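**Student:** Put chain B on the given structure of chain A with help from the hints.
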Amino acid sequence: ILNVEQSPQSLHVQEGDSTNFTCSFPSSNFYALHWYRWETAKSPEALFVMTLNGDEKKKGRISATLNTKEGYSYLYIKGSQPEDSATYLCAFYNFNKFYFGSGTKLNVKP
Amino acid sequence: NAGVTQTPKFQVLKTGQSMTLQCAQDMNHNSMYWYRQDPGMGLRLIYYSASEGTTDKGEVPNGYNVSRLNKREFSLRLESAAPSQTSVYFCASMNSPTYGYTFGSGTRLTVV
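Taken in sequence, the protein lines are chains A and B.
By my numbering, the letter at position 64 of the first sequence is numbered 64, and the numbering carries on one by one without gaps.
By my numbering, the letter at position 63 of the second sequence is numbered 1063, and the numbering carries on one by one without gaps.
Isolated chain A (complex conformation):
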């Protein structure tokens, strides 16, 4: 069982704040890392698929970076909005399956 760690566990910010959180994963045998957004009572939805060291992906106000040599990825949200409130999961691919972190729960207050 691989260890995929996310921090912080939860985050409370005000509307308009920028925020970031971390996913740590094993630095050996890297193939792919995924970020998912998971809203309450819904299914997780893919945000980013990251495969190369130094990858930077962006979707609107959300972006992610990847460092495979040191085994971490950052997710950034610029100017948080209440609709960004969700749990953000990262998942590390190893031998046909993904291992998920426990997620960062983001609450954005209006």
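It is worth saying that the hints were derived from the structure and are not from the lab.
Be a bit skeptical, because a hint or two may be false.
A few chain A residues that don't get close to chain B, going by computed Cβ distances all over 10 Å [what the hints assert, rightly or not]: (1) Gly16; (2) Asn20; (3) Ser27; (4) Ser28; (5) Lys42; (6) Lys69; (7) Gly71; (8) Lys97.
The calculated lysine to any residue pairs, modelled on SDA-like cross-linking and capped at a C-alpha distance of 25 Å, are [as the list claims (entries may be wrong)]: (9) Lys42/A x Thr1054/B; (10) Lys57/A x Lys78/A; (11) Lys42/A x Gln1011/B.
What you are looking at is a predicted structure, and each value in this text was computed from that prediction instead of being measured.
All residues carry an ideal CB built from backbone N, CA and C; glycine is no exception.
**Tutor:** The following block gives chain B in isolation, referenced to the frame of chain A:
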């Protein structure tokens, strides 16, 4: 709509009862997965099927069995339900790790 369909959405079982959770995808994906989600523990892999005809254990397989009936369908069976199996179960599928999973809508199971 194309995607992953899970049934049922909700189920209450008594300890010792059995049931099968159904999952079907219409995206021609090769790989299918069953996860359970418990508070504070993220998603944990129960079983997966990397391709039609194969199944493998994940992180928490005890108490479960699976069947990859064909390329579209992957079922999860609880032979004798226990309260520790109270959870939300998600089925997912994908074709390649360079693409994301597509998840079903989940099954909320309570074992009393």
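**Student:** Taking the closest pair, is the beta carbon of asparagine 20/A still more than 10 Å from chain B?
**Tutor:** holds, 19 Å
**Student:** Hint check: lysine 42/A vs glutamine 1011/B, CA-CA at most 25 Å. Holds or violated?
**Tutor:** Given that 25 Å is the threshold and the Cα spacing comes to 17 Å, the pair holds.
**Student:** Can we confirm that no CB of chain B comes within 10 Å of the CB of serine 28/A?
**Tutor:** Holds, since 16 Å exceeds 10 Å.
**Student:** Report holds if the minimum CB distance from lysine 97/A to chain B is greater than 10 Å, and violated otherwise.
**Tutor:** It is violated; lysine 97/A is separated from chain B by about 5 Å at its closest Cβ, not greater than 10 Å.
**Student:** Does glycine 16/A sit more than 10 Å from chain B, CB to CB?
**Tutor:** holds, 29 Å
**Student:** Between lysine 57/A and lysine 78/A, is the straight-line Cα distance small enough, at 25 Å or below?
**Tutor:** holds, 14 Å
**Student:** Holds or violated: is the Cβ of lysine 69/A farther than 10 Å from all Cβ atoms of chain B?
**Tutor:** holds, 19 Å
**Student:** Does lysine 42/A clear chain B by more than 10 Å, comparing its Cβ with all Cβ atoms of that chain?
**Tutor:** About 8 Å separates lysine 42/A from the closest Cβ of chain B, which leaves it inside 10 Å; violated.
**Student:** With 10 Å as the threshold, tell me whether serine 27/A passes as away from chain B on beta-carbon distances.
**Tutor:** It holds; serine 27/A is separated from chain B by about 17 Å at its closest Cβ, greater than 10 Å.
**Student:** Can the restraint linking lysine 42/A and threonine 1054/B be considered satisfied, given a maximum Cα separation of 25 Å?
**Tutor:** violated, 29 Å
**Student:** Grab the minimum beta-carbon distance between glycine 71/A and chain B and tell me whether it stays above 10 Å.
**Tutor:** holds, 17 Å
In this structure, the hints that do not hold are numbers 5, 8 and 9, in rising order.
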